[in-house]
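At position 9 of the sequence shown (counting the first as 1) the number is 9 in UniProt numbering, and the numbers step up by one without a gap.
Since the hints were derived computationally from the structure, they do not count as laboratory data. Zero decoy hints are in this set.
Distance condition first, Cα-Cα at most 16 Å in a straight line; then the derived EDC-like pairs of lysine to aspartate or glutamate: (1) K97 - E80; (2) K97 - D76; (3) K97 - D46; (4) K101 - E80; (5) K97 - E74; (6) K101 - D76; (7) K101 - D46; (8) K29 - D76.
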Amino acid sequence: MNEDVLSTPGHLVSLAARGFARLSESRLKRLGFGVGQLPVLVALQDGKASTQRDLARFARIEQPPMAQMLARMERDGLIERTRDPADGRSSRIVLTKAAQKSMPAAIVALFQGNREALIGFTDAEAAQLVDLLKRLIDNLDRMVSTT
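Sequences are here, hints too, so could you generate the full structure?
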């Protein structure tokens, strides 16, 4: 059987991800953010992580690329590093006041983009898509962690 490689879930999800990334990047750029920074910004804003190690784990990326991203974010005035009072050898990372001020507009822009991308979907279809994608990601994570 000769399946159409361009109609596989992997290819279609990749196309959708690139489309969302381009859309988000265009909307976030004017606010001073990059789409790749989004997991870090959200984790810091929500208090889910405050160290480089925890941010890398949260964002599901390795330490060296996280260190590079944090250096750029610090250079761009989005984050600040402060000494960890419990461990003077490590630092805590926090959003700057400027980044905190821009975050609500960034979140509105991202949600608006998602709503626009899902025009023609019912609420039930949109919820089902999110559920299916989460399950797909869980499956992929399990597969990668066992190799």
